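Protein chains in written order, with the numbering used here: chain L, 29 to 505; chain Z, 29 to 505.
The set of hints was computed from the structure by calculation and includes no laboratory data.
Note that the list lumps identical chains together, so a pair holds whenever it fits in one copy or between two copies.
No more than 25 Å apart at the CA atoms, straight line, and that leaves these computed lysine to any residue pairs for SDA-like: (1) K100 with P87; (2) K437 with L424; (3) K364 with E322; (4) K272 with S199.
Please read all numbers here as calculations on a predicted model, not as lab measurements.
Below, each chain spelled out in residue letters.
Protein chains: 2
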Amino acid sequence: MAQLITDGSNHGVHPFVCQLRDVDTHLPLSGIELGDIGTKQGWNGIDNGYLRLDNVRVPRTNMLMKYFVVHKDGRYERIGSNDKAIYSTLIYARSLCASFYGGRMVIMAASVAIRHCLVMKCDKYGSLFENRFVKNTLVTELASGLAIWLAGNALSNEYKRLLPRIMDGDSSPLPALHAISSGYKALSTYLGPEGVERCRRCCGQVGGLVASGLPIISETVSPGVTIDGDNTVMYLQLARYLVKLERRRREDGDSKNERGDDVDNEFDSSGPNSKSFALHMIKLHGLKSQKLIEQAYDRMTSLVTSEGLPLYEAWNRTSVDLVQAAEAYTISYAVKSFYDVIMSCGNDQDGGPDRDDEDLKNVLFDVLCLFAVHSFVSSVNVCYHLLTDKLPTSNLSDLRQSIDKMVDKLAPNALALSDGLDLSDAELDTCIGTYCGNTDADIFNYVADVQPYNAKPDLLKPVLEGLRNYFKLRSRL
Amino acid sequence: MAQLITDGSNHGVHPFVCQLRDVDTHLPLSGIELGDIGTKQGWNGIDNGYLRLDNVRVPRTNMLMKYFVVHKDGRYERIGSNDKAIYSTLIYARSLCASFYGGRMVIMAASVAIRHCLVMKCDKYGSLFENRFVKNTLVTELASGLAIWLAGNALSNEYKRLLPRIMDGDSSPLPALHAISSGYKALSTYLGPEGVERCRRCCGQVGGLVASGLPIISETVSPGVTIDGDNTVMYLQLARYLVKLERRRREDGDSKNERGDDVDNEFDSSGPNSKSFALHMIKLHGLKSQKLIEQAYDRMTSLVTSEGLPLYEAWNRTSVDLVQAAEAYTISYAVKSFYDVIMSCGNDQDGGPDRDDEDLKNVLFDVLCLFAVHSFVSSVNVCYHLLTDKLPTSNLSDLRQSIDKMVDKLAPNALALSDGLDLSDAELDTCIGTYCGNTDADIFNYVADVQPYNAKPDLLKPVLEGLRNYFKLRSRL
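In isolation and in its complexed conformation, chain L is listed as follows:
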């Protein structure tokens, strides 16, 4: 891909193919400089390369010209009105990022840590898992992983459902899909490294052993923030969409839309009815998201109108607010999407029996509520001043306190939830959280047999003899 410049005007980045290496010697052709970019933090199995072209002639017909054409005379022409469809693959890739980093990988780390902590004895508390800190961390991360995984999957499915329409030339679903997939990519790749590390730390220094499997998961998720689109850019792409919506809302004089003005302050987080509490949290997240975009919009427009700044400078100065608004919108969307996934459970033609579905739904509502409350209270400090009329101080404190109870309610199902994903021992590749739960024996087997110097202490013999000769020599001097 490179900037396409014809007749002096730049049409932006366009794709093309060209020959890089000599077919016989495999050496780069003249004017072409390329190579491997070297060892990276994570994903070293992928041979990312660099490429610099210096005065290389690429024939016009080597360009991929389905949605645009450069004619022989250099004239540039768009073909049809569907040129935005080239972004659609990007949307799919981002939805996969969403379900992978903050979803499946966090579930994997939580599963290893939950199994390990359940069998590790801990003083008076029975198991390490009963430690309030460990239990809160692991159950919350499992809930977060499940929420992001299911929300990401729902977006992939939505994309697949809409793709035929898009390819038929209807690009109307693209802006919303592109915006939320950008937000999901950022949210998930932020939550991934943080969640995996939190799980790893619950296992103490054993979680630092590569043999525990956790450092590998940690390294795998760590590059997510900056690859496939930097997260700040991702959130700002979503923010651009939200700013457009907000401008339209104000122009239409619509003051009610998505404002969550109907948030009810009376709620019962500890009651058996997680579903109604989930609806309450959906409204609260919606309100937070809306208030934050309003604040960012006001600040940005006032920088333009009052201080006369150019738009790009006003945008830059408010980017912290814009990113916070985009993050809040993404979480709000994920909570709502997770709710829809639960409600559609068992609606498939091949769904299981009704009774089982109700049981599963209840547990999933517990998962949803914990994710919704935890994600709300842990980021409420950016917008507390905007919510005081809707969320009194005492309610916020109650909400925070309710996390312990929600964790206790969900904890007995934690092992079943992680086992339910059928993660194989081969995939987890761990000696501390295998399916059988035989942590202690597994660790000793690993360190005794796998490490070369432990398995074959004779390997040390030459070193030892070398040292002995050295000291003999010294004593003779």
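Put chain Z on the given structure of chain L with help from the hints.
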């Protein structure tokens, strides 16, 4: 070290020496199982081992018996009243952790990233550093690194000053020193990985190249949370001390002590007088810390008195509150300690000229204020409900908004501050943030020359020929 049991009573963990390996064969002696624990996430240069003793007889005189003795008849006796001095080395080690992880290592990462982002061009904004998000992140992390580094150093110095007294038998400074060193260890090792990652991410995917030096720093700080004492345990050790202080305060009927009731709500964060603003923030941090320990204390005692729980269970149930209180106390202590360091600048006999010291002090006050405000607002959500009478909603919002201005004030000094530490290119080991700032050329030199397949493309020849023969073979089939 092992549990010492004599006459049926357990006296806890005690140190001893014993022979592990045969001097001739270097193989473990009978009953001794040992080895290397294997590859770890970070610090792989250190050969951490495991050891299991099965029916191994250790002679009584092999114990280190300076502060206690086991007599021939099995009687256990403490010697002198200075047995707590054995913890003192621990305090020193923790103060070193404090200045290393969240201090020096974050400064190193921030230095690399600041140099890189200053020279990377970025569209209309001039350099990537001018991006609001990047600038806020890097300047805030540099400030945080400097604050933790200086506060950690101050604790090491305090320890060295008090050590002669402690070794002379005066153990009175130990509880406070042990408590704050535990808190520092936890705070610094939490801030380290987070800060380094935030700096790394500002460099985009280039920060993921091992050649950038940042992944190495990231890996080095990552195990800090769980080594040399798990952070949750560290904070709970400090919390135990704070709970004791709080109980004594209540028994003494002292309602004023450290309560920060004199916090003044009128402050000017943007004014030139950073020193008075620093004093304001010290009071605010003190208030937050005190309110949180009061809340944790109330909750814990009410679980014991109202619900009749045993103390260890009440302690476990309130551990999230206790850890939050301990963290707040540690930050508050670090802010105060940093303030004292600045005030004592130039008081040394070999201090520089007065004028220079004043300039340096002013910049350091800017650093202190930014660290104090950022650490306050980013954790205020755990205690906002406790502060409403002292910190109105509007003030909190103003405080958050003031960060941009403080960053802008400090930003012109960012490069000088990081250069001022005289970090050598050899120590940073980076191709993106060298002292000369020649990022682009450095990266290309690195990837072109250092990676073996890039430097010697002929290395690929046998692979290529192998492939060609394979395809020839297939075409013949």
